[in-house]
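Assemble the whole structure, with the sequences as input and the hints as a guide.
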Amino acid sequence: MSRVCIIGAGIHRFGRTDGLSGLDQGVFAVRAALADAGVSWTDIQFAYGGSDSAGNPDTMVERLGLNGTQFINVKNGCATGGSALFSAQMAIKSGEFDLGLAVGFDKHPRGAFDAKPAEYNLPEWYGDAGFMVTTQFFAAKIMRYMHLYGISRRTLGMVAEKAFMNGVHAPHAWRREPVALDTILDAPMVSDPFTKYMFCSPGEGGVALVLASEKKARELGVKPIYLAAATMRTRPPASFEVFAPSIDIGGGTATATRLASAAAFEIAGIGPQDIDVAQLQDTEAGAEIMHMAENGFCNDGDQETWLAEGRTRINGQLPVNTDGGCLACGEPIGASGLRQVYENIVQLRGSGEGRQVPDSPRTAYSHVYGAPGVSAVTILKR
Amino acid sequence: MPSTRIVRESLKPAMHNSLFTDDDPVRLIGGRHRESGRIVFPCPADAAYEAVPLGRKGQLWSYTVQRFRPKSPPYAGPEAFEPWAIAYVELPGEVIVEAWLTDVAFEDIHIGMELELSPQPLGGNSSLIVPAFAPVKALAA
Chain A
0 MSRVCIIGAG
10 IHRFGRTDGL
20 SGLDQGVFAV
30 RAALADAGVS
40 WTDIQFAYGG
50 SDSAGNPDTM
60 VERLGLNGTQ
70 FINVKNGCAT
80 GGSALFSAQM
90 AIKSGEFDLG
100 LAVGFDKHPR
110 GAFDAKPAEY
120 NLPEWYGDAG
130 FMVTTQFFAA
140 KIMRYMHLYG
150 ISRRTLGMVA
160 EKAFMNGVHA
170 PHAWRREPVA
180 LDTILDAPMV
190 SDPFTKYMFC
200 SPGEGGVALV
210 LASEKKAREL
220 GVKPIYLAAA
230 TMRTRPPASF
240 EVFAPSIDIG
250 GGTATATRLA
260 SAAAFEIAGI
270 GPQDIDVAQL
280 QDTEAGAEIM
290 HMAENGFCND
300 GDQETWLAEG
310 RTRINGQLPV
320 NTDGGCLACG
330 EPIGASGLRQ
340 VYENIVQLRG
350 SGEGRQVPDS
360 PRTAYSHVYG
370 APGVSAVTIL
380 KR
Chain B
0 MPSTRIVRES
10 LKPAMHNSLF
20 TDDDPVRLIG
30 GRHRESGRIV
40 FPCPADAAYE
50 AVPLGRKGQL
60 WSYTVQRFRP
70 KSPPYAGPEA
80 FEPWAIAYVE
90 LPGEVIVEAW
100 LTDVAFEDIH
110 IGMELELSPQ
120 PLGGNSSLIV
130 PAFAPVKALA
140 A
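Sequence order for the protein chains is A and B.
Last residue of the first sequence: number 381 in numbering that gives the first Met the number 0, and the count goes up by one each step with no gaps.
Last residue of the second sequence: number 140 in numbering that gives the first Met the number 0, and the count goes up by one each step with no gaps.
In case anyone wonders, no lab produced these hints; they're calculated from the structure.
It cannot be assumed that every hint is accurate.
Quick list of in silico lysine-lysine cross-link-like pairs, DSS-like style, CA-CA up to 30 angstroms [what the hints assert, rightly or not]:
#1 Lys115/A x Lys70/B
#2 Lys380/A x Lys222/A
#3 Lys115/A x Lys74/A
#4 Lys56/B x Lys136/B
#5 Lys70/B x Lys195/A
#6 Lys74/A x Lys380/A
#7 Lys74/A x Lys92/A
#8 Lys70/B x Lys74/A
Right, here's the structure in full:
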């Protein structure tokens, strides 16, 4: 079985780009990734493309070239990008293909996602009554977590403060201005305990990665980054997820994230203590806190100390969300998970400039989470 | 055994939507998985589950406050918006249910507080009755 290499990465900046469709941004990212890898579209044997609400990715062949390349669309909620990457690496691992592409893009309208009950197999009354709001879940989950493990609101504010600080140095980020901790904490409340600065917004963007077998990478003479693991999992019993009219007693501890994370570490043959830099789903400030523990990087409750000591800052023990994460970049669903991998590649290549993690990181971790309880994890090594 | 009659959708479609029994006071209808015994809410339209009335009292498991008017659709409440609290309520030995939290000032809400079922009309043009809980009234001295 071939090891899977990532030999090219491209991104279209996140945020709002008037005049460019989601697909345009995906095409932009593909061209950047191909140029980065030093290959052309006609060299590509297969592609997996993901978008949640910006159209069918395979229609981009019109723009890239009509040479008959196999192109499969992936639509898997918040794990769309991760699922495209998972599928692409399986194609290489199988030995069937040597060179392929994973691309994700999206363009969402302003404001919160407008999910409909039927899309999640829920009764209509649930939406009528105002429960079909993702922010409620994230707020209720962290409220319980803060109660159990003594996490303060100030710590949530520090997560957002760090995100905006890191975003300043990431050219692809949407929010590139620092925001003071007091401003974050004192801003209007969206869903208690979160203010508007503690939630990410649906946005736009595109990311593409070129994957190759080890043999092909050698042929091309590029210095690869190895995709040591890529996993995707759905929710276990007794989990607490987005859009949950009920939870099992004792629920809220088992999560799709824990499953995807454990599987990824097993496949990669390393543990959380071996990771040098991590991108963790930060739909809001509380998610980053909880995901630090769910992915095995600390124990529940340790986050209060970790944040106070700056351990997740760029120069900390485990830098987290070095490009500002979803809080600074926004969340175009189809592209979000691949943005994390892009940022990890930047870090492993040492080209992060103002946000570069010191001491030449060798391993990098990414994690997405979303409705209705899906999670995707990758581990990169160089 | 409670002599609970389950309200069928065909009998009271708009009013209860199969969420409540017609006991007085009403109870939520959950679904018990016939094999595993796991209880969920609402009761799925699935032969693997049997409808069961849920306890009326429980403790606050977690909560938040909805500070902005949710998008319509799907939200079908009145145009005029006042923030409301949302609760997850642990019904001992059964399940944790999501519901509105009423009759309490936001600053007085705390995890673990004792609550009882107190359904509320959605209002506006909707006839929906929404599952809701309110603090258990302290017994008069």
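Q: Against the structure, test the hints numbered earlier, and report the numbers of the ones violated in rising order.
A: none
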